[in-house]
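Q: Single-letter residue listing:
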Amino acid sequence: MTITPTAPASAASVHVRGLTKTFVRRKRRIEALAPTDLHIEPGEFVSLIGPSGCGKSTLLKILAGLLEPSDGHVSINDRAVTEPPPEVSVAFQKPTLLPWRTVLDNVCLPAHIARSSKADAVRKARELLRSMGLEAFERHYPRELSGGMEQRVSIARSLLNSPTLLLMDEPFGALDEFTREDLNDELISVWQREPKTVVFVTHSISEAVFLSDRIVVMSARPGRVHSIVDVDLPRPRERSLRNTDEFYAAVRDVRVLLEDARSPHPRTETP
Amino acid sequence: MTVQNEAVDLTRPIGGTSPSGPVRRRRRGPGTTARAAVLAVVLFVAAIGGWAALAASETISPLLLPAPLDVLSALQTMFVSGSVWPNLWATAYETLLGFLIAVVSALLVSFAFTFSETVRKAVFPYLLVIQTFPKVAIAPLVIAAFGYGLLPKVVLAGLMAFFPVLTNAVVGLSSTSEDHDNLFRSLRARRWQNLVMLRIPHALSYILPALNTAAVLALIGAIVAEFVSARQGIGFAIQAYTQTGDVASTYALLIVLAAFGLLIWLALTLLDRALKRYKR
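Taken in order, these protein sequences are the chains called A and B.
Numbering follows numbering that gives the first Met the number 0, with no gaps: position 167 of the first sequence is 166.
Numbering follows numbering that gives the first Met the number 0, with no gaps: position 228 of the second sequence is 227.
Wrong hints could be hidden among the right ones.
Here chain A is said to cover these stretches of chain B; the calculated rule only asks that three of the stretch's residues, wherever they fall, bring their Cβ under 8 Å from a Cβ of chain A [claimed, not checked]:
| no. | segment |
| --- | --- |
| 1 | 172-185 |
| 2 | 193-200 |
Sample of chain A residues with no beta-carbon within 12 Å of chain B, all distances over it, derived [stated by the list, open to error]:
| no. | residue |
| --- | --- |
| 3 | K60 |
| 4 | D70 |
| 5 | V121 |
| 6 | H202 |
| 7 | R223 |
The following label-pair restraints were derived from C-beta to C-beta distances [what the hints assert, rightly or not]:
| no. | chain 1 | residue 1 | chain 2 | residue 2 | range |
| --- | --- | --- | --- | --- | --- |
| 8 | B | S72 | A | R142 | 49 to 57 Å |
| 9 | A | E67 | B | R190 | 13 to 21 Å |
| 10 | A | K117 | B | A273 | 19 to 27 Å |
| 11 | B | I137 | A | P85 | 49 to 57 Å |
| 12 | A | H139 | B | R190 | 25 to 33 Å |
| 13 | B | P208 | A | R238 | 47 to 55 Å |
| 14 | B | K275 | A | S188 | 34 to 42 Å |
| 15 | A | S188 | B | L265 | 48 to 56 Å |
| 16 | B | R190 | A | R78 | 17 to 25 Å |
| 17 | B | K278 | A | E134 | 32 to 40 Å |
| 18 | B | V108 | A | S51 | 38 to 46 Å |
| 19 | B | I137 | A | S145 | 51 to 59 Å |
| 20 | A | R114 | B | L270 | 24 to 32 Å |
To be clear, the hints were calculated from the coordinates, so they are not data collected in a lab.
Backbone N, C-alpha and C define an ideal beta-carbon position, used for all residues, glycine too.
With these hints in hand, go ahead and build the complete structure from the sequences.
A: Right under this line is the structure:
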C-alpha cells in the first residue's frame, strides 16, 4: 500500500512580489490582481479562497506559467517563471482527460510528452492508481468513469512526474460533498507520504481548513490578498478531524474573514 | 435473386406463414427491429411490384421505364459477358484515387493551418465559399484543362471530396478545449506533440463523418466527368446505353452503382468502428 519514496522529496518555494494582472475586455480594463505579495515555504499546503472574481485562478495560472503577469515578479525555487516550469504540475477544475486514452495511458501522458521511460511511468502510474482505489479501472476509458473517478485519474496524472509544486484549481468543485471529502482524504494521505508544496484554489471553507497549513483569503475588484490565516490543526490529519471543535473554530474564523473580504464591496456596484 | 430469397426468409418466421419447424429462428419477441425489417421487406416488394405493374401497363414508355425482369436479365448479361468489369473498374479507380488524394491533401493542408491561426482565419471564409460552390459545373473546364484520359476524372472526383474533409478537419483541429491546451502547455508539450497527441485524435470525430460525404462526392465527380467525356466507366456506359435506347442496361448500371456506393459505405463504417474510441 505504501508508495515507494521517489527521489529526495524536495519541495518548491514560491515567491510573488508586486504581482499585478490587468485584462482588457471590450475596451475596458479589468484589474484581476492588484499588487500582490505571497511567500510560500517548501512543503507548505496553501489554499486560496475568496469570492469569484478575486483573482485566485488568475494567480494560479500565473504561477503555472500559463498566463503572463502585467507587472511584478514571480519565482519558483528562486527561478523567475517565464514559461511552465518543469517541476510544476497543474490539476484543473475539470478532469481534462483525453477520452481516447485509457485510464492508465491518461496517467502516463506527462511521461509520454516528456519522452521519459515508459516502464517507469507505467509502474508509477499503477502505484498512484492503486493508492486512489482505481487499480481495477486502468483499462477503462474516461467515459466509463464517474466524475469523482475521473478527477482521481486527473490527480494521479498530476502526480506522475513527482512535481515539487502542485497547483490545483478547484479540482473538487464539481463533485458532491461526500465524494469531495473522500478525495480530500486521499489527497492529504498522498501529500503526507510524498511532501510537496501545494497551492490549492477552492470555494469551500471546510475543504481549505482540512487541507491547508495556511489559507489566503482574497477579495474581489480588484483581486487582492485580504488576509492570511494559519491553520494550527495537528498533522497527520484524518477524517475524524472534521468533527472536532478545533476544526469548527477554524472554519468559523475563516468564514468571518471571508465575509469581511466581501463586505466593503456590496452588490450595489454597477460598472 | 438472392434478394428475393432473403425476403422470403425474413417474412416467414415473423409473419407466421412458415410451417412451424426446427428451422424457425428464435426471437426474443416482435421488437421494433423485427417490425422494421418486415416493413422494409414490404416496402421493397411493393416498390418492385408497383414498378412491374407500371411497366406492364405501358402508361410510361418502355424507353423510360423497362420491366424489372428486363433489367435483371440485362444485369445478368453484363456480368456473364463481363462487359461490366472494365466500366466498373474505371469508375472505381477514378473514385478511389480521387478520394485518397483528396483526403491526404486535405489533411496535410489542415495540419499546416494549425501552425498559423492568422492564415487559417484568412483562408477559411474562402474555403466555405468554394465548398458551397457546385464544383460539377466546372467539369467541362477540367476536361479541357486535363485532356480525355484518367486525369480529369481523378481531378474532379478529388476536387469534390477535398473540401468537406478540409473544412471538418480544420474545425476539428481548432476546437480543442482551453483546458486541454493549458494541460499540454503545462506539460511543456512541443507543437508537434500537441498536434499528434491532442489535436489529431480530437479531430478524428469530425473527420470520420466527412469521409462518408467525401466518398459519395468523389463518385459523383467521377461519373459527371465521364458524362462529359470518356471512353469507359459507368458514367460513359450509362450515356451510351441511354442514347442507343437500351434502357434496361442503363437501369442495370444504376443498380451496379448503388451496390458500389454501398460497398464504400460499408468500408467506411468498418473504419469508423475501428476508431470508435475517438468518438465523442
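Q: If a hint holds in the structure, say so; if it does not, say that too.
A: Hints versus structure:
Only residues whose C-beta sits within less than 8 Å of a C-beta in chain A count toward coverage, and the segment 172-185 of chain B has 8 of them, enough to reach three; the restraint holds. Given a C-beta distance limit of less than 8 Å, the hint that chain A covers the segment 193-200 of chain B holds, as 3 residues qualify and 3 suffice. Distance to chain B contradicts A/K60 as a non-interface residue, since its nearest Cβ pair spans about 8 Å, not more than 12 Å. Against chain B, the non-interface label of A/D70 holds: every CB pair exceeds 12 Å, the least being about 22 Å.
With 12 Å as the threshold on Cβ separation, the claim that A/V121 sits away from chain B holds: the shortest Cβ distance comes to roughly 17 Å. Non-interface status of A/H202 relative to chain B is upheld: no Cβ of that chain comes within 12 Å, the nearest being about 18 Å off. With 12 Å as the threshold on Cβ separation, the claim that A/R223 sits away from chain B holds: the shortest Cβ distance comes to roughly 24 Å. Look at B/S72 against A/R142: about 53 Å separates their beta carbons, and that is inside 49 to 57 Å.
Remark: the range hint 13 to 21 Å for A/E67 to B/R190 is upheld by a beta-carbon distance near 19 Å. Range check, A/K117 to B/A273: Cβ separation about 24 Å, and the 19 to 27 Å hint holds. Taking the beta carbon of each, B/I137 and A/P85 are about 54 Å apart, inside 49 to 57 Å as hinted. A/H139 and B/R190 have their C-beta atoms about 30 Å apart, which keeps the hinted 25 to 33 Å range intact.
Taking the beta carbon of each, B/P208 and A/R238 are about 49 Å apart, inside 47 to 55 Å as hinted. At roughly 37 Å, the beta carbons of B/K275 and A/S188 sit within the given window of 34 to 42 Å. Between A/S188 and B/L265 the CB atoms are about 53 Å apart, so this pair conforms to the stated range of 48 to 56 Å. The hinted range of 17 to 25 Å is satisfied by B/R190 and A/R78, whose Cβ atoms lie roughly 24 Å apart.
For B/K278 and A/E134, the Cβ-Cβ distance of about 27 Å falls outside the hinted range of 32 to 40 Å, so the restraint is violated. Between B/V108 and A/S51 the beta carbons are some 42 Å apart, a value that agrees with the proposed interval 38 to 46 Å. Judged by the Cβ atoms, the range 51 to 59 Å given for B/I137 and A/S145 holds: they are separated by roughly 54 Å. Between A/R114 and B/L270 the beta carbons are some 30 Å apart, a value that agrees with the proposed interval 24 to 32 Å.
In summary, the structure is inconsistent with hints 3, 17 from the numbered list given earlier, while agreeing with the others.
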